[in-house]
Amino acid sequence: MLTFTLYLVAFAALIASKKFLGDYFSPPAIFLFFWCFAVGTLMLEWVSFDPLGEPVWWAIWGSVASFLLGCLVPVFLALSRHGWRTAGPRLQVVNKSRYELGLMVLFGLGLFGFAVQLVHLQMEVGLGTFLSDPQRAREMHSNVKYLGFFNILNLANFVLGALYLCLFKRPHKWVLGMLLFALVTTFVSTDRTRFFYTVIWTFFAVVYVRWRVHLSVRVALAGLATCGVLIGFFLLIAKIYVKQAYDDNMEYINISPEYSALIDPYIYLTGSFPVLQRVLEDPQERTYGKYTFEPFVKSIEVIYPDLSRAEIVGKFYRVPVELNVATYLQPFYQDFGWPGLFFFPFVFGLITTSIYFAMRQAKSLFLVYLSSLLAFCTTISIFVNHYIQTATFFFILVGYVFSRFVSGKHTQDPAQFRSGIFPNEP
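So the number in our numbering is just where the residue sits in the sequence shown, counting from 1, plus 160.
Misleading hints may appear alongside valid ones.
Derived DSSO-like pairs (lysine-lysine); straight-line CA-CA distance at most 30 angstroms [as the list claims (entries may be wrong)]:
#1 Lys475 <-> Lys450
#2 Lys333 <-> Lys475
#3 Lys305 <-> Lys178
#4 Lys329 <-> Lys256
#5 Lys458 <-> Lys475
#6 Lys178 <-> Lys329
#7 Lys256 <-> Lys333
#8 Lys450 <-> Lys305
Bear in mind the hints are in silico, worked out from the structure with no lab data behind them.
Work out the full structure, taking the sequences as your base and the hints as a guide.
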């Protein structure tokens, strides 16, 4: 019954967002949907996780309330402005030829980054490691300092390429090749989270770039297709690289073997909550911002190489399945204890929703790009914290520079855009 109630709240959040804000995918709706859906799914008890005690429930629901309170500030400000939903957004001038040139440059940098990763892997352990020890290959991929950013640039390339196809009539076909190459790099990385990053970020970007999204068969099919692609890739990687949890944890699994394919997604969706409980119970020294402000600590490390910064890979806990992620709350607690669990969700609720409403009022390429990136971070918050990762700040910088480069200086010609991008009366 509790599972059904939480699922009901999850879908009600999307409907309420559409009714009051004119959009199904506002930050508070995304956040409440995924957190209620994940906790409701946990209640199905397909895996015998450690039972959750009262402290972790206070942490979960208290942080949810804090995030939503942060969202309410810009929501009330927006609702207080008469006619904000009906007024068309201001149009940003986008130069199509400069957009294409920018994509070519990014494509070239992405190719270079991927080549660097492959050369690094070959020199360290050999490309055959992809088949013999994919986890080791993945670790090597994440250990290329500085030049490794050119490889993850392919994630942003996919988003910007998809936006190009959605924005302009008569797009160039080579952009499709760039998108395909970006997907190949995510597959070779063996990192399922990276593929989620690409597809979910792109989904929100495509949705946000349109002036309005109505719930139609086309939109519903697009959403289902996105979920299907994510689950399919998730299971494919599990099959090819032997990352299936069912065989290793059979004694803790409560569903029959014919449904074993569901266990990997189930653990990814729900396993971070029992790990969060173990993090709360684990007596650790406070790190006072080394996790929460990790990108800035990393920047200081360039100047002071001996600086002691926090370990990025979290400690593994047996819950009883062995996992090392504890939702996006983990770094806040490790840095600042219980106050961090409530203060920072409020801050990120405020930031994400403020940027979202800025995007709704001014459909600039950068604000669409940034809002969709933060929407991904909100979606994945049930699993890990992407708000504070260095890669996120890198993507923001890339998006800002790209948007400045493609900005034109002449009056916008709506005829070059596909229908549904901007209102008829700008």
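Okay, the hints, checked on the actual structure:
no., hint, verdict
1, Lys475 <-> Lys450, "holds (15 angstroms)"
2, Lys333 <-> Lys475, "violated (45 angstroms)"
3, Lys305 <-> Lys178, "violated (43 angstroms)"
4, Lys329 <-> Lys256, "holds (10 angstroms)"
5, Lys458 <-> Lys475, "holds (20 angstroms)"
6, Lys178 <-> Lys329, "holds (28 angstroms)"
7, Lys256 <-> Lys333, "holds (14 angstroms)"
8, Lys450 <-> Lys305, "holds (19 angstroms)"
When held up to the earlier numbered hints, the structure conflicts with 2, 3 and fits the remainder.
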